[in-house]
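A.B. asks: Here's the letter readout for the chains.
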Amino acid sequence: MKILTNLLRSGVAALAIASAAGAAHAQTVDVPLTESGSSLLYPLFNLWVASYSASHPGADITTTSTGSGAGIAQSIKGLVQIGASDAYLSDTMVKKNPTMMSIPLAISSQAVNYNLPGISHLNLSGPILAGIYEGKITQWNDPAIVAANPGVSLPNHVIIPVHRLDGSGDTFIFSQYLAFSTPEWASTLHYGTTISWPAVPGALGGNGNSGVLAAVKANPYSLGYIGVSYADKAAAAGLGVAALQNKHGEYVLPTDETIAAAAQSVATTTPADERVSMIFAEGANAYPIVNYEYAIVNSTQPAPALASAIHDFLTWAINEGNSPTFLKPVHFLPLPAAVKTLSQAQIDKIQ
Amino acid sequence: MKIRPFRLSVLSLSLLIPAALVAVVLFLVVYSGQAMLFNGLHFVTDINWNLGDLYSDPVTVNGISVPSGANYGILVFIVGTLLSSLIAILIAVPLSVGAAIFLAEAVPHRIRPVLSMLVELVAVVPSVVFGLWGIAVLIPFIGHYLSPTGNGYGLLAAAIVLALMVTPIIASTLLDALMQVPKENRESAFALGATHFEVVSKAMMPMVRTTLIGGIVLALGRALGETMAVLMVSGGGINILPDSPFSPISTIASFIVSQLDSAEADPTNMSVRTLSELALVLFFITLAVNATAKLLTSGAFNVRKRQS
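So the sequences go chain by chain: A and B. So for the first sequence, UniProt numbering puts the first residue at 1; every next one is plus one. So for the second sequence, UniProt numbering puts the first residue at 1; every next one is plus one.
The set of hints was computed from the structure by calculation and includes no laboratory data. Yeah, the Cβ is synthetic: ideal placement off N, Cα and C, and Gly gets one too. Any given hint could turn out to be false.
[Stated by the list, open to error] The list that follows gives simulated cross-link-like pairs (lysine to aspartate or glutamate, EDC-like), each with its CA atoms no further than 20 Å apart:
#1 A/96 x B/57
#2 A/328 x A/257
#3 A/217 x A/232
#4 A/340 x A/320
#5 A/328 x A/232
#6 A/340 x A/232
#7 A/349 x A/273
#8 A/95 x B/57
#9 A/96 x B/53
#10 A/95 x B/53
#11 A/247 x A/320
#12 A/340 x A/274
[Claimed, not checked] A short, non-exhaustive set of chain A residues, derived as facing chain B with CB atoms under 8 Å:
#13 68
#14 69
#15 190
#16 191
#17 192
#18 193
#19 197
#20 202
#21 203
#22 211
#23 214
#24 220
#25 269
Required output: the full structure, derived from the provided sequences and hints.
C.D. replies: As structure tokens, this is what we get:
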């Protein structure tokens, strides 16, 4: 009997201690968040988190660069709270995981860089690029390229196409440009973070944006697609930036104006779940390879404290976080007002 | 029965290692089971690798849900793995035999430990450092002076980087064995009027031949599984078999790393399962190599024992 009362007492004491500890924990509101995914978004998240932590004591956010696919997979499994991705969730993914949301945080773009000695301006179109990566256009002085570049003397030299070896959002948006502009590519190779690249003799793969940059730099007469955050390094390496043909048939270079033009034209047609491609957008001045950078987040979080921590951070990211202080260094552009409203509506769903 | 706590605890600890190995193999077999059914035997003879369209609805083939257009053939990667490793060994063997003989015979006693330590140091340089060296130095060199197309990435670059990584493994194994050759054999050969070259080639090398073979096979095991350095310099060939030393290639290990991220976005999971099957293939290749090494070196490793 005495043992029983002792046990009871100690049990009550333990409960009291536990609840006191719990209360103390709730007061400090220290909810650790983890972000994982896109290596393109990673530098921006680092800038954000440093500034956010400084202005929000108690915020505890870890950032990791793993890749868009890993970001999506880990956020669905609940291993990380924020998955960073250059690509939105596929229809099948959403069907399987209806509470997963794709929330745009900023706008990115991609350049097609070339290494052609002596040539400073080059026009390329989706069908030409598709032909090059399929091995149907093999020489720089191919009639199709000559026709797109009147007055430019193109070398009689084999083209070396460089693609990404690793799974990448850059491959996703590049192959989407080819698929949307070239029906034949759409029906055979589709688009995705990895493509079954056709057998082109001499075609190269680079690991990461830096690997593609190194390969294009090392190989005269090569070309490759490189994310906009590497624009400064590509320019320093002496690589040219190709003007790409948009939906209206114009050749446009990636500049703040042409990227913003593409973003504006898609802003009005972006659906509520914001899973939309900005590739090959309408607009006479719109650059064709522009994309939303996404946070992949589960709208149903296991704890209210976690939900509010994610909510607060993402709200900050699309408002204060969209200022040029953060976006300029990585060459991203802010979300248009209409899209920001949609993103906020999705962020408000997190609970 | 008497309980022996010490023996029991040590036994259970020692069982952990084989248990971990069995667990990994079991996991790979179970996890890739569905992929084996889907891929069949042409998996290893097909050269076309396509993850399929991960953004459209999956299709059902023989009751298995897969991305539409998915086709997995790994011959390119098996060929890339074996070719790059074999060429690496061909480059590494003369280098390491020369280095080991130099260290054993031609270097003053005082400097030998320093130099042999340097050789062993090369063995612990992280592979990503070799990869960076490959990109910064080797690839421009091959591109400028060797390759007819001006492209330095590919089979030869991968093989040279691998060769540098495995040379210290062979050299230090061989050096240990050369140092164990009994002094009497060496001195008798000299006494019979043999030149230094004849002493090394006729009296010493025959005694360490098995060790050399064992070291080579160990090095081969290392080269087959190398990932990062190869990924950085191989050029990542896909859907095409190499036809020259300058052709881009992919090895199994580097290819798994490069595809995993996209595979994780596959809603049917077939891509990851197939990569597991690919990992199983690599596992069996390296297992076969290591088993050979064990067979070749067992009993024959210790030269002195054989003498007595």
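A.B. asks: Could you run down the list of hints and mark each one as holding or not?
C.D. replies: Status of each hint after checking the structure:
no., hint, verdict
1, A/96 x B/57, "holds (12 Å)"
2, A/328 x A/257, "holds (14 Å)"
3, A/217 x A/232, "holds (14 Å)"
4, A/340 x A/320, "holds (12 Å)"
5, A/328 x A/232, "holds (12 Å)"
6, A/340 x A/232, "violated (28 Å)"
7, A/349 x A/273, "holds (11 Å)"
8, A/95 x B/57, "holds (10 Å)"
9, A/96 x B/53, "holds (17 Å)"
10, A/95 x B/53, "holds (16 Å)"
11, A/247 x A/320, "violated (33 Å)"
12, A/340 x A/274, "holds (10 Å)"
13, 68, "holds (7 Å)"
14, 69, "holds (4 Å)"
15, 190, "holds (4 Å)"
16, 191, "holds (7 Å)"
17, 192, "holds (5 Å)"
18, 193, "holds (4 Å)"
19, 197, "holds (5 Å)"
20, 202, "holds (6 Å)"
21, 203, "holds (7 Å)"
22, 211, "holds (7 Å)"
23, 214, "holds (5 Å)"
24, 220, "holds (6 Å)"
25, 269, "violated (19 Å)"
Of the numbered hints stated above, those contradicted by the structure are hints 6, 11, 25, listed in ascending order.
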